[in-house]
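Chains as they are written, first to last, in the numbering used here: chain D, 1 to 586; chain Z, 1 to 114.
Heads up, a few of these hints could be off.
Distance ranges between label pairs, derived from CB positions [said to hold, decoys possible]:
| # | chain 1 | residue 1 | chain 2 | residue 2 | range |
| --- | --- | --- | --- | --- | --- |
| 1 | Z | D30 | D | L223 | 39 to 47 Å |
| 2 | D | P393 | Z | G87 | 36 to 44 Å |
| 3 | D | N303 | Z | L99 | 38 to 46 Å |
| 4 | D | E214 | Z | L111 | 50 to 58 Å |
| 5 | Z | C39 | D | N303 | 48 to 56 Å |
Calculated Cβ distances over 12 Å to all of chain D for the following chain Z residues [claimed, not checked]:
| # | residue |
| --- | --- |
| 6 | D11 |
| 7 | C39 |
| 8 | E48 |
| 9 | T85 |
| 10 | G87 |
| 11 | D100 |
| 12 | P101 |
What the hints contain is simulated information worked out from the structure, not anything from laboratory work.
Don't be surprised by glycine CBs; every beta carbon is placed ideally from N, CA and C.
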Amino acid sequence: MTAPILPGERPTFRTVAPAPLFTAVLAGLAVAGAVYVTPGSKRLAVACGAGAGALLLCAAVALAAHAYQTARITRRRLEAVTLDAGRLLQERARLSTDFDRERVQLTEELTHERARLTTELSQERARLTSDFSQERMRLTTSFAEERTRLTEERELERARLTAENKQLSEKARRDSHERAAALSATANAAGRMQALATGMLADLRAMEERHSDEDVLADLLHLDHRTAQAGRIADSVAVLTGARSGRRWARPIAMESILRGAMGRISGYQRVRVHSASDTAVAGHAAEGVMHALAELLDNAANFSPPSAEVHVYVEEVPAGVILSVEDSGLVMGDIQLRRAERAVSGDSTELGGLTGTRLGLAVVGRLSRKYGLKVSYRPSARGGTGVLMLVPQDILVPQDAPTPQVSLDLPEPSPSPQPSPSTPVDPEAVPESEPESAPSVRDHPWMSYAAGRTLADLDPDPVPTHESPERGILADAVTDVADALPEGLPKRRRGQALAEAERSRARAESPVPETPRPAPSADDTLARTARFNSFRRAVREAATDQGTRASDIDSDSPVSANSADSPVSAEPAPSLSHSEGNPTS
Amino acid sequence: MSRPGRDDSPDRLYTLTGGRTRSGPDSPFDLVTLVVAECDPATGMQSEHAAILRITEHPTAVVELAAELKLPVSITKILLSDLLTAGRVSARHPRKADLDPDVLEQVLVGLRNL
């Protein structure tokens, strides 16, 4: 009866049937016995009652059997289920155990792994930390070493450089000092050379006036030429050393004189051909510079052209000024040379380092150009050589015809005036006496052109104050003298009496001469005579002052005094005054 | 610096004559030769030539010319020779001195009495 556990299984008929059947048999047999034993009249009732009881018994037994069977099946199923449950519980317990064990194992593994990793990490960290600290230590050490080394090196280097710097600055200071000393010595020497040359030129000029022998004159002119060239070189050195350039002219110099003055300072002046119709003049303060620059250009042109070739100078007036062009037919300058020459004459660099020794001229021209605003440019010449254009700007030009006393003065003069020495046809006095008439100088006839002198001085953009004031003083003096002289016929001497004391006797001795032919002095005569006397008086006074200054100049070496040693020039009228015995015709 | 009275021209004498120092053997000029201009000064002329022509509008002696020009007589003679060659001036010697010797003697006496 251990059938598979099936829900709804019921007890089968076979299992239930035997018991009721066995009971039924037994009951039938009992009923049948009871009926047999019972008398006949009561047998039916007994048979019916006994049969019904037997039937009831059979049914009860069947129910009991069925119930029993059912209980047994159920019990069996219960047992199976209980067994299953136990098995399941067991399984669960096993699983739980397994799980626990697994968990423990895993936990252990995890812990172990974590511990391992932690250990490794800490080890690694420790290693890295140590490495790092080691490296840091190493680097710190090396850095410190390096820094120390560098610091030491720097200190050394700095000390070395400081020493070197000191040495160099010392050297530079010494050099600049030496350079300044050399420059100043050179400038000083150049100034003295200039003064000597100027004085010599004046002396030569005076000698040329004095000696009429043509041979002597030729020699003197030769010396004059040589001296003028020497003077130009002294001027060049003075310009390059930054000293004052030679002389300053007290009046504008006509362009013709500028050209001739420049020509006179070069050796090959006879090859220079001048083509000029210009009547402008260069202001006095700039005339020397223009002349000098032109002389250098002419010298270059003459030196770098064949000895027989001519150098042509053209003068052209343009709105910006006057262009002097110097054309030679000599060497053609290449582009590079032209550019170099242009750079040299532009005056941009005032350094002396660029001088090559033989090419002083262009540097001199550059300095002068810069100083006076000249513009010099080079170009190939149509004559086959090199052409130089020099633009003299308008602001240092003066129109030459501004003061024109020459014509008005010349007019009264050609008529034979009574003064020129009735005794001798050639009186040396005539030279200084006629000075005011023929010289276009303003200061030589202050009585006529004082106003013109003022305007002329105002025209001058850079009047030289040192000669301005004394000149005006003389002018004013002369004017008062004229005012005094007009009514009396002869001026009174008010100023300069002490200076002219030595000459007074001579002046007195001469005074009768102009007075004798004075029947009725006309206005013109009076003016002319006054002018003549003024020039004479001035010459006397200057001769006296010059003697004084010359004596003081001889033993002083300063360039200022060297410049003031121009004074021999101013003594020019004096010799002719005092050398009347030198006249061959007397 | 510049002072009044010094030579006031940068011209050197040799530049006036182009370097010549003598006027030639056949020069007619001496100190008293009278010079007369034959034409007017022209532009572009050397300034001394122009001045000579201006001065010699009236007959003028060479020595006077030299004095006017403030040039040595020799230089003046060279300049005059140039002008004479160009036909711009003419030269004339003054009349021979035909003065009465008595007059000259009187002048001499007068001079001595001065």
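Unsatisfied constraints (hint numbers, rising): 1, 3, 4, 5, 6 and 8
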